[in-house]
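Participant: Okay, here's what each chain looks like letter by letter:
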Amino acid sequence: MRAGRGAPWMLAVPAAVGLAFLVLPLVGLLVRAPWRTLPQRLAEPAVLEALRLSLVSATLATAVCLVLGVPLAWVLARTRFRGRRLVRSLVTVPMVLPPVVGGVALLLVLGRNGLVGRHLDAAFGITLPFTTAAVVIAEAFVALPFLVITVEGALRAADPRFEEAAATLGASRWTVFRRVTLPLIAPGVLAGGVLCWSRALGEFGATITFAGNFPGETQTMPLAVYLALETDPEAAIVLSLVLLAVSVAILTALRDRWIP
Amino acid sequence: MSGLSARLDVRRGAFRLDLALDVAGGEVVALLGPNGAGKTTALRALAGLVPLDGGGITLQGRPLDKVPVEKRPVGMVFQDYLLFPHLSVLENVAFGPRSRGVKAAQARKRAQELIARVGLTGYEKAKPGELSGGQAQRVALARALAVEPALLLLDEPLAALDAHTRLEIRAGLRGHLAAFGGVAVLVTHDALDAMVLADRLIVIEDGRIVQEGTPTEIAHRPRTDYVARLVGLNLHRGTADGVLVDVEGTRLSVAEPLHGPVFVAFAPSAVALYRERPDGSPRNLWKATVEGVERHGTSVRVHLTGPFAAAADITPAAVADLALRPGSTVWAAVKATETHAYPA
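These protein sequence lines are chains Y and X, in that order. By this note's numbering, the letter at position 76 of the first sequence is numbered 76, and the numbering carries on one by one without gaps. So the number in this note's numbering is just where the residue sits in the second sequence, counting from 1, plus 1000.
A few of these clues could be false.
To be verified - Calculated lysine to aspartate or glutamate pairs in the DMTMM-like style (CA-CA distance at most 25 Å, straight line):
| id | chain 1 | residue 1 | chain 2 | residue 2 |
| --- | --- | --- | --- | --- |
| 1 | X | LYS1127 | Y | GLU44 |
| 2 | X | LYS1066 | X | GLU1091 |
| 3 | X | LYS1071 | Y | GLU49 |
| 4 | X | LYS1071 | X | GLU1168 |
| 5 | X | LYS1066 | X | GLU1168 |
| 6 | X | LYS1071 | Y | GLU164 |
| 7 | X | LYS1125 | X | GLU1113 |
| 8 | X | LYS1103 | Y | ASP159 |
| 9 | X | LYS1127 | X | ASP1190 |
| 10 | X | LYS1103 | X | GLU1091 |
| 11 | X | LYS1335 | X | ASP1241 |
| 12 | X | LYS1066 | X | ASP1009 |
| 13 | X | LYS1127 | Y | GLU163 |
| 14 | X | LYS1103 | X | GLU1148 |
| 15 | X | LYS1125 | X | ASP1053 |
| 16 | X | LYS1071 | Y | GLU230 |
| 17 | X | LYS1127 | Y | ASP159 |
| 18 | X | LYS1109 | X | ASP1053 |
| 19 | X | LYS1066 | Y | GLU163 |
| 20 | X | LYS1103 | X | ASP1080 |
| 21 | X | LYS1127 | X | ASP1080 |
| 22 | X | LYS1125 | Y | GLU164 |
| 23 | X | LYS1109 | X | GLU1070 |
| 24 | X | LYS1127 | X | GLU1113 |
| 25 | X | LYS1125 | Y | GLU217 |
| 26 | X | LYS1066 | Y | GLU234 |
| 27 | X | LYS1125 | Y | GLU163 |
| 28 | X | LYS1103 | X | GLU1124 |
| 29 | X | LYS1103 | Y | GLU164 |
| 30 | X | LYS1335 | X | ASP1225 |
| 31 | X | LYS1071 | X | GLU1130 |
To be verified - Reference excerpt, derived from the structure (chain X facing chain Y, CB under 7 Å, subset only):
| id | residue |
| --- | --- |
| 32 | PHE1095 |
| 33 | THR1239 |
| 34 | TRP1331 |
To be verified - Quick list of simulated restraints, FRET-style, between CB atoms:
| id | chain 1 | residue 1 | chain 2 | residue 2 | range |
| --- | --- | --- | --- | --- | --- |
| 35 | Y | LEU11 | X | ARG1325 | 32 to 42 Å |
| 36 | Y | ALA16 | X | GLY1013 | 49 to 59 Å |
| 37 | Y | GLY153 | X | GLU1148 | 48 to 58 Å |
| 38 | X | ARG1016 | Y | ARG85 | 28 to 38 Å |
| 39 | X | ASP1022 | Y | ALA157 | 37 to 47 Å |
| 40 | X | ALA1160 | Y | PHE21 | 42 to 52 Å |
None of these hints come from the bench; they were simulated from the model. Here a beta-carbon is modelled for each residue, glycine too, at the ideal position from N, C-alpha and C.
Just chain Y, with the same shape it has in the complex (with noise of 0.2 Å):
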């Protein structure tokens, strides 16, 4: 505490309670894993298919959500237009809705009989669920809201006047939005993207139900943990582990550097 007095007893306990409510449960996992066994469990071809497919699938999913949720965002804050307040609520609903109903109701709009899906079947002889492309939609489905409120957020604390001042310079909108707005949001668009990419590597729910449990092509790292657990629970440990290690590594790199 640089505050030499301390923090009163009222704030201390619970802060100290909600810490280790956050990190007890991350040290019995680091306590129960197999530590001789761990380098030959690593090498598993298994685990690495999965932690590649995990990686892959939530950095594609980030893509998605970049190339969609900023021009949202932007509509979102830089417009107006009657029902923008619903239209706000429901870019939010992925949030609080369940995972899984999500996963149905993607089956459902783009599954093989679904109300486009039937269409890109006809016309393309596509069908997404139970593929790697179903795993991305899945995962950016949900990850999006993240990424739009963040962006969101972002533009409506930066200053519109330099918008103003480029429009004065002669730019067009898509110049301001490219040389000035874009730059001037970027460590909110990172912070975003980071907190999009995050939850699209945990992301279960949506990805079983719309993509299904196949290893290599849609068994991502919280799939594996899942269903090693029933048959194998050391294994989920070590899956369970990669899957902190991986996450504290690129949250830490990127905290110091880019997240304010």
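We have chain Y already, so just place chain X on it with the hints.
Facilitator: Same frame as chain Y, now just chain X:
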């Protein structure tokens, strides 16, 4: 017609801005007024950042009011400059030409010339955060001039500077404005800035023009209390009958004979104060009550009430001799030759 002709009608709730502006090419006009008078709104309307509710804008004979912001031949210097913090000085100045389709190499060249013109060669690679206030102001000017505007707008160009920098930048800006061939409109609430920088002043109060004229006219013949305060004069409205003017029941003699409604102006330094009614009484003498006393440069400003409100500047020694304090009664006098009367 190379100038600007505009009638700006902008409504914002209960506030209404309604001004007619006619500015010749090469002329520098200052919009002067208190906070909330609508000066900045007028400038933003000219730039296209605020839509007009009525009226229109013609620049160089072409209507401008339907032209979107980014297509107007306008350069604007914002009050806090709004230099893009992520771009270097060079990129900031080249931003306008680049946005208007000038090739990168040519835009850089033009930016370099303008940076040299405002005396900042060597700072091309600096980021706005590394510049002093005065340097940032000059970059903002260079950035606005880089688009070769027909209309240059400056919103409180010196307001964000400290007193010393202000002096230097004001002189520099005067030179750049004199060299600028287009129409220049600047907004300020500082009378000195306006008088040094502009050929003509337009005083705005409550969204309307209350007085217009050269700096000399405004400085000598204020027509509202706001302008009188700005130029540091006592101003009273009265009725003249020859060289005598009736101001709220007190008769003042003035130098110029006039008839009908007039303004009488005199400097606070022309007012003398006495404890007792002076002998061989000067013609303009009235009994006043001291309302307040405050330091004003090297002298002391005494605010008087009585038949009318007035300010008197006297020496600190005189304050002591007269034992002035709020509520004291004094005799105030001003020589006829120190007053200035003109038709209201």
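Participant: If a hint holds in the structure, say so; if it does not, say that too.
Facilitator: Hints, verified against the model:
1. LYS1127(X) <-> GLU44(Y): Roughly 51 Å separates the two Cα atoms, so the pair is violated.
2. LYS1066(X) <-> GLU1091(X): Between LYS1066(X) and GLU1091(X) the Cα gap is close to 30 Å, so the pair fails against 25 Å, i.e. violated.
3. LYS1071(X) <-> GLU49(Y): violated, 55 Å
4. LYS1071(X) <-> GLU1168(X): Roughly 33 Å separates the two Cα atoms, so the pair is violated.
5. LYS1066(X) <-> GLU1168(X): Roughly 39 Å separates the two Cα atoms, so the pair is violated.
6. LYS1071(X) <-> GLU164(Y): At roughly 13 Å apart (the allowed maximum being 25 Å), GLU164(Y) and LYS1071(X) satisfy the hint.
7. LYS1125(X) <-> GLU1113(X): holds, 14 Å
8. LYS1103(X) <-> ASP159(Y): violated, 29 Å
9. LYS1127(X) <-> ASP1190(X): Violated - the C-alpha atoms of ASP1190(X) and LYS1127(X) are around 29 Å apart, more than 25 Å.
10. LYS1103(X) <-> GLU1091(X): holds, 13 Å
11. LYS1335(X) <-> ASP1241(X): Holds - the C-alpha atoms of ASP1241(X) and LYS1335(X) are around 18 Å apart, at most 25 Å.
12. LYS1066(X) <-> ASP1009(X): holds, 14 Å
13. LYS1127(X) <-> GLU163(Y): holds, 18 Å
14. LYS1103(X) <-> GLU1148(X): holds, 15 Å
15. LYS1125(X) <-> ASP1053(X): Between LYS1125(X) and ASP1053(X) the Cα gap is close to 43 Å, so the pair fails against 25 Å, i.e. violated.
16. LYS1071(X) <-> GLU230(Y): This hinted pair is violated, its Cα atoms lying about 67 Å apart.
17. LYS1127(X) <-> ASP159(Y): holds, 18 Å
18. LYS1109(X) <-> ASP1053(X): violated, 40 Å
19. LYS1066(X) <-> GLU163(Y): Given that 25 Å is the threshold and the Cα spacing comes to 20 Å, the pair holds.
20. LYS1103(X) <-> ASP1080(X): violated, 29 Å
21. LYS1127(X) <-> ASP1080(X): Roughly 15 Å separates the two Cα atoms, so the pair holds.
22. LYS1125(X) <-> GLU164(Y): At roughly 24 Å apart (the allowed maximum being 25 Å), GLU164(Y) and LYS1125(X) satisfy the hint.
23. LYS1109(X) <-> GLU1070(X): holds, 22 Å
24. LYS1127(X) <-> GLU1113(X): Status holds; Cα separation ~18 Å.
25. LYS1125(X) <-> GLU217(Y): violated, 50 Å
26. LYS1066(X) <-> GLU234(Y): violated, 71 Å
27. LYS1125(X) <-> GLU163(Y): holds, 22 Å
28. LYS1103(X) <-> GLU1124(X): holds, 18 Å
29. LYS1103(X) <-> GLU164(Y): holds, 23 Å
30. LYS1335(X) <-> ASP1225(X): At roughly 22 Å apart (the allowed maximum being 25 Å), ASP1225(X) and LYS1335(X) satisfy the hint.
31. LYS1071(X) <-> GLU1130(X): violated, 31 Å
32. PHE1095: Holds. Min distance 5 Å.
33. THR1239: violated, 49 Å
34. TRP1331: Interface hint status for TRP1331(X): violated (54 Å vs cutoff 7 Å).
35. LEU11(Y) <-> ARG1325(X): 32 to 42 Å: violated, 54 Å
36. ALA16(Y) <-> GLY1013(X): 49 to 59 Å: Between ALA16(Y) and GLY1013(X), where Cβ atoms are some 52 Å apart, the hint holds.
37. GLY153(Y) <-> GLU1148(X): 48 to 58 Å: Since GLY153(Y) and GLU1148(X) have Cβ atoms about 38 Å apart, the given range 48 to 58 Å is violated.
38. ARG1016(X) <-> ARG85(Y): 28 to 38 Å: Cβ of ARG1016(X) to Cβ of ARG85(Y): about 31 Å, so the range 28 to 38 Å holds.
39. ASP1022(X) <-> ALA157(Y): 37 to 47 Å: The hint (37 to 47 Å, Cβ to Cβ) holds, given that ASP1022(X) and ALA157(Y) are roughly 41 Å apart.
40. ALA1160(X) <-> PHE21(Y): 42 to 52 Å: holds, 49 Å
The structure fails hints 1, 2, 3, 4, 5, 8, 9, 15, 16, 18, 20, 25, 26, 31, 33, 34, 35 and 37 (numbered hints given earlier, in ascending order).
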